[in-house]
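Colleague: Now for the letters of each chain:
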Amino acid sequence: VSALTRTSELDAGSGVACDSDHCITCGDDGVPMIVLATDDERGLALCDDEGVHASIETALVAPVIPGDRLLVHAGTAIFHLTRDGGQG
Amino acid sequence: MKFVDEFRDPELGRALAGEILSLVEPGRHYKLMEVCGGHTHAIYKYGLDDMLPSNVELVHGPGCPVCVIPMGRVDDGIAVAQNDGVIFTCFGDMLRVPGSEGSLLEAKAAGADIRMVYSPLDALRLAKQNPDREVVFFAIGFETTAPSTALTLKRARTEGVKNFSVMCSHVTIVPPLRALLESPDLRLDGFIGPGHVSTIVGARPFEFIPADYGKPIAIAGFEPLDVMQAIVMILRQLAEGRCEVENQYSRVVPYEGNLRALEVMAEVFELRPHFEWRGLGFISHSGLKLSAAYSDLDAEQRFSVPGVRVADPKACQCGEVLKGVIKPWECKVFGSGCTPERPIGTCMVSSEGACAAYYNYGRFAREREVV
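Chains as they are written, first to last, in this note's numbering: chain A, 1086 to 1173; chain B, 2 to 372.
FYI, nobody ran anything at the bench for these hints, they're computed from the structure. Each residue gets a CB set at the ideal place from its N, CA and C atoms; glycine is no exception. Take these hints with a grain of salt, some might be off.
[Said to hold, decoys possible] Under 8 Å between C-beta atoms, here's a sample of chain A residues computed to sit facing chain B: (1) Asp1114; (2) Gly1136; (3) Ser1140; (4) Glu1142; (5) Leu1145; (6) Pro1148; (7) Leu1156; (8) Ile1163; (9) Phe1164; (10) Gly1170.
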């Protein structure tokens, strides 16, 4: 998946929402997501969580490449699971 | 297999329950506080408290970002949202938090343009899509969420988005923990430390808990086995006479935290002299505001904010719940006057709130026990 083909999706909004079970943003949840495409110039990545796509800030964990797994909270990747994830 | 499946294994859970049983001294009562609302939610959702011996008590701490927002702050948000031309944005749970004259959701029904967003980046995107409107993001949350707001403010500055501002109600986790440890009406034996807050701040900020107060703490993840293992770690420290910061969640919590996140927070925010917490009152240096360099993007500078302190409803005992002094079901209005559908107090709003978590997952078991 190239960055160019997904640029429009990067600008389309998070596509992720709170559900009736809980609010993943308010709840300090971290959601593991897989990088589909990157826009390094803008510091964004198009990420996937089981079919739900979101545009994610990557400044805290860069560099990222497609296929990387990131821990995402409130639209921002807070931890690079592929590169730094331990087994603790 | 998802990232989490291996942390929900029932057999391993039962083994950890057995280990907990082997570590407790008969006749001794253990009172452990789970700091984070995410842990409270996991404990009730998976029935973890039912797997513990009766002398291990879990006390629910102040780590639900929605539950600690005082009514006056909601009123401030509504006042900003009612300005002509404003699109007011916030996270989902914040919409239902009661202010003195209703919630943001009720203000929306009355005509204010209030929208739920998943991230501050979504709010910035709205600003770019609506250049003739003022878009305000109501920022709440602990250190997990604050970097996201900080990065969005930097992005707004870089991209020259002038019609975007932030009403900052971010809070920090250490000051309320210190306030709780100083509280005379609460005796705790140890802490289950917050997971994703620690991904950002690291384990180091919690060293004061063993150093100054002689209590053990284990930073924990949010899956059932994470929480159970953290309880084992705390009880083992107590059994061995140790007291230190242990990191059960090392798979995503580096000891030093995320240095880039800490840097961007230091650039964009500064500590308020004091900030009001629901039920806990004013706590020094516990809230964040925008730094002078970003004051032009501060909604409280751009709009008039009442800033009036509003007392909690008399019937509501959220403060005592947040301090762990009473259990959710011991509140006078729990499940009767106050329900997730019609909350009086903030602890019943967010499912990470102790009252809502208990109402949703534990209420009927408790009723059986009482009968």
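Colleague: All hints, please: hold or fail.
Modeller: Structure-based check of each hint:
no., hint, in the structure
1, Asp1114, "holds (6 Å)"
2, Gly1136, "violated (13 Å)"
3, Ser1140, "holds (7 Å)"
4, Glu1142, "holds (5 Å)"
5, Leu1145, "holds (5 Å)"
6, Pro1148, "violated (12 Å)"
7, Leu1156, "holds (6 Å)"
8, Ile1163, "holds (5 Å)"
9, Phe1164, "holds (5 Å)"
10, Gly1170, "holds (6 Å)"
Hints 2, 6 from the earlier list are contradicted by this structure; the remaining hints agree with it.
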